Every structure is written in C-alpha cells, then in structure tokens.
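Residue numbers (the working numbering), protein chains in the order written: chain A, 1 to 152; chain B, 153 to 501.
No lab work stands behind these hints, which were simulated from the structure alone. Just so we're clear, the structure is a prediction, and the values are computed from it rather than from any experiment. We put the CB at the ideal spot given by N, CA and C, even for glycine. There's no promise every hint is true.
What the hints assert, rightly or not - Per label pair, the in silico range of CB-to-CB distance: (1) A:Glu-118 to B:Ser-253: 56 to 62 Å; (2) B:Arg-465 to A:Gln-57: 28 to 34 Å; (3) A:Ile-44 to B:Asn-300: 50 to 56 Å; (4) A:Ile-44 to B:Ser-409: 28 to 34 Å.
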Amino acid sequence: MAPWSSSRVYDPVKYKSDSRSTLPLLLALGLLPDCNKLSTMPEIWRLQLNGDIHELQSEFGKRISTQLQFICCHWIALLCAADYVDDEVMAALSHCMQALRPWVATMGIMGKMEEACEGLRDLYLWLVCIKAAMPTLASHSPNLRTRSRLLV
Amino acid sequence: MYRWVECSKDSLARSSLSILGDGHPFIPLNSPLRGLFERDIGRGCRIIAPQMDTSQAFPPQTLNTTWQPVRSVAFSPDGRCLASGHSGGIVRIWDAATGESLQELKEYADTVWSVAFSPDGRHLASGLDNGMVDVRDAAKGMRLRQLNGHTAQVETVAFSADGSHLASGSYDRTVRVWDTATGVCIEELRHGHDVHSVAFSPDGHYLASASASASAWAWAWDDTIHVWDFAKGSRVIQKRLNRNLYRSKISFSADGSVLRVLFPWESPVQLHFPSLEMIDNPDTSPFYFDENSLCVKHQGLTLCLCWLPDYFRPYTLMTLHGNRVCVGGWDGELAFIDLDQFALPDIYM
Chain A
1 MAPWSSSRVY
11 DPVKYKSDSR
21 STLPLLLALG
31 LLPDCNKLST
41 MPEIWRLQLN
51 GDIHELQSEF
61 GKRISTQLQF
71 ICCHWIALLC
81 AADYVDDEVM
91 AALSHCMQAL
101 RPWVATMGIM
111 GKMEEACEGL
121 RDLYLWLVCI
131 KAAMPTLASH
141 SPNLRTRSRL
151 LV
Chain B
153 MYRWVECSKD
163 SLARSSLSIL
173 GDGHPFIPLN
183 SPLRGLFERD
193 IGRGCRIIAP
203 QMDTSQAFPP
213 QTLNTTWQPV
223 RSVAFSPDGR
233 CLASGHSGGI
243 VRIWDAATGE
253 SLQELKEYAD
263 TVWSVAFSPD
273 GRHLASGLDN
283 GMVDVRDAAK
293 GMRLRQLNGH
303 TAQVETVAFS
313 ADGSHLASGS
323 YDRTVRVWDT
333 ATGVCIEELR
343 HGHDVHSVAF
353 SPDGHYLASA
363 SASASAWAWA
373 WDDTIHVWDF
383 AKGSRVIQKR
393 LNRNLYRSKI
403 SFSADGSVLR
413 VLFPWESPVQ
423 LHFPSLEMID
433 NPDTSPFYFD
443 ENSLCVKHQG
453 LTLCLCWLPD
463 YFRPYTLMTL
473 HGNRVCVGGW
483 DGELAFIDLD
493 QFALPDIYM
C-alpha cells in the first residue's frame, strides 16, 4: 500500500492522545524554510554552472547545515509515511511551499535532482489523496486546493 | 511544479541556483505557477511548433509528430516575421510576435538548409539540398527565381546590405554571388572545403566566408575564414582557425570592424576586420547556445541567461533581432526568448 494511502486519515482524537508522533515531521517542516538562505548567495551564481563556482560547496555548507541537508532528503518521505496529519502539519506544510524552489536548488547542489523530482511527484500525489480523504481539512485550509494544483 | 522541475532537471543539476532567478521561463501559459512566480519569470518566452496548442499545459505532448527538424531560422529585417527551413523541404513563415504560422511553403527538395530575408524584407532566399537557391516573395510565398549552379547542398545564403546581391555557399566548395535583379551568377569563388557560412560586409565591399573540412579527425581540420574583395573577385586574406567551423555562422558588426563567428554549442570568437586577428578576452561576447542554455561570456565568466526545457534540443544556430532570440529544435519546434523580459545584469550592448 502506498504511503499516501487514504487509509491514513486526519484523526483529531489520535492527535490529542499522542501528539508526539508528529513532532519529527513538524520539526522537519519547521526547518525546511531555512533553505531560503540560499538566496543570500551572490546573484551572479544564479547564472553560472555549479562546476564553475569554486566557492559553491563551502558557501553552501555555511548556509545549509548537515541536519537541514538530511531533512531536505527525507521530509517528503516522512510526510507521506505519517499515520495522520492535522491542521498544524498542514499549516507548516503550507508555510514550506514558498521554500520549494530553494529546496530544489539545495537538492541540485547536493546532486540529488532525481530524488527531488520523485519527491515532488510523491508530494503531489499525497496532497491529492489527502485532500480526497479529508474534506473537512479542506475547509480548514482553503489554500490546500491551490497548493496541490501548484505541485502538478 | 513537479512537471516544471521534471522538464528542467538536467539543467537544474548543472546550474542549481538558476531556479532562484528567472532562468527557467518556459512555464506553460495557463499554469498557476505563473501567478506564484509572476515577478520572477520571463513572460515573453515561449516554444511553438506547427499545430501546437500553446494553451495546453505540457508542450512535449503537443509537439507536431511529423518530425521535421528545423535546419535554419532567420528574422525578417523588421523583426515581425521569422522564417524557418525544415527537413522535408518545408519553409515556414511565422508571426514572430504571436507565434502564428503565416505560410507553409513546399520546396522541391528534401531539406532546406538555409533561409535569409532580403534587407527590405520583400524576398526570402532558401538554400536547398539539391544545389538550388530559391528566391520567393516573402509576403505571398510566390517563387520568383530559382538560381541554378551549385552541384551540392547549399548550406548558407546571405543578401548584401543593399539587396542587390545574394551570396550562396555550398558543399560543392564554392561561393556563388548572384545579381538579385537578373538571377545571373556574377562571381564564383572557389574554396578548398565545404562552405558553411557567408556574410557581406556592411559597406558591401567585402565578402567573408567560412569553410570547413568534412573530416571527422580533429587533427585534419582545415577550417578557414576567407575574405574576398567583392568588386575585384580576389581573395584578400584567409586565416585558419583552431576551431571547427562546421555549421558555423559568420556575421559582421554594424560598423564592419569586427567579424563574429558563431559555433554550434561553443562560445563564439570575434576577429578584427579585415586583419582577422583574434580579439583576445573580449569584455562581452555575443549570445550563443551551449546545449540548451542561452549563454554569454562576460569578463571570463560563462553566464547562462536562459534555460530551454530539457526536452528541447536546439538544432540550428540562434538568430537574433533586437533583444529577441530564436532557435530551432530537432523536433520541429521553435523557442523564442525575449531578453527584455529578463532582469539581466547590466552587461549587454
């Protein structure tokens, strides 16, 4: 069964009884916007090939910690594997959408573009399934519909 | 966003930070991403192809399946039209602003290797694989002249600045100069190898040509730029370049003092004219395509201004009119890039 299967549903009761299980996911989603630090790199680098920028890896390391690099690689799998999601997760996810482009850049610099593409596809499919499984959530998160369209 | 990134993942693997700028403007017209990144992306950039529905979300699925690689492209002098020569002997004329196909002309040939508008935009010359040069009325598509003389494919055609002469270069190792009024060949200039490009100097006194050996061996390259005194019909100077001139394109600067040589997938070189001495480390080079990115050399740096989607395989040298660039693709599509829509560093022109 796919990790984004609709059997994993929004369950406020479970959330209240054991909120600790969403903590790693919330932590990951909370840190992901730090990828925006890549925008402080020199603008001319946006026009250059990775291989032509000698300081790229060192400057990348200064801005993107090892922990954040790990999160970049695994946050979508963590999200898709979650037993349930709640408004807090969805709010954090919504906040992450503006960091998607820096996240793609981060994955590219790490040499993981294939994984980034697969992740975006999984994220889109997950959003579609979760939206179908949680009509009430859609009313709580009016941007959800737009967000899933953006991911196509 | 998945499809956007999927279409550009090879480019993003090479230039990852480009996604933070405006270097990937080829987002489908009706995509919600356009609203999200409205400030960041170039809105004048698009890819068109015969019979393509540009409103559809995903251009690769809508490309024409007749598979006629584009072999040559040329803007009309006023920039309103673009002509493209295709395999299959097709010449198409497009509205450069809207991407609408205005005319589709069938030549009696398998491939149209080169196209060029006359300086007044009224005539369109096509170099064909059967050695013919066709001159048509650009507005009506009517064939006006068929210039017969070459014995192999005509790789390049160019009008003089006053439109009185047309030069054609061929794999028969000659350049022929034609009187456009009478269709008579008034000059035949012999080369040692296939001729890939010709250009008249702005004052019309000189004709430059580029010839390249067909040898696949790098050590056997014999690639030479020739300059001819057009009035006397004599060669003034020739210079071997340590570069492969196969499918190259030469052009003069507006004042005629610089000869630019554009290569497929390599950075261009600039030569002083008429000495043909190489200009070392020019501050800024002309635009060129490196694989599927539009590049420029600036102070020793290679800057990739705009990335075409990974599926687009450029198959012609680019043509430029003002700040609008066009390049033809292997699958018959054309990419237009409007440089005015980019927030470029202030290094151009």
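Practice task
May I ask you to test the hint 50 to 56 Å on the CB atoms belonging to Ile-44 (chain A) and Asn-300 (chain B)?
Solution key: holds, 53 Å
Practice task
Given the range 28 to 34 Å, decide if the beta-carbon distance of Arg-465 (chain B) to Gln-57 (chain A) lies inside it.
Solution key: holds, 31 Å
Handout entry: Range agreement (Cβ of Ser-409 (chain B) with Cβ of Ile-44 (chain A), hint 28 to 34 Å)
Key = This hint holds: roughly 30 Å between Cβ atoms.
Handout entry: Hint check for Ser-253 (chain B) and Glu-118 (chain A) - Cβ pair distance inside 56 to 62 Å
Key = With Cβ atoms ~38 Å apart, the hint is violated.
Hint 1 from the list above is the single one not met by this structure.
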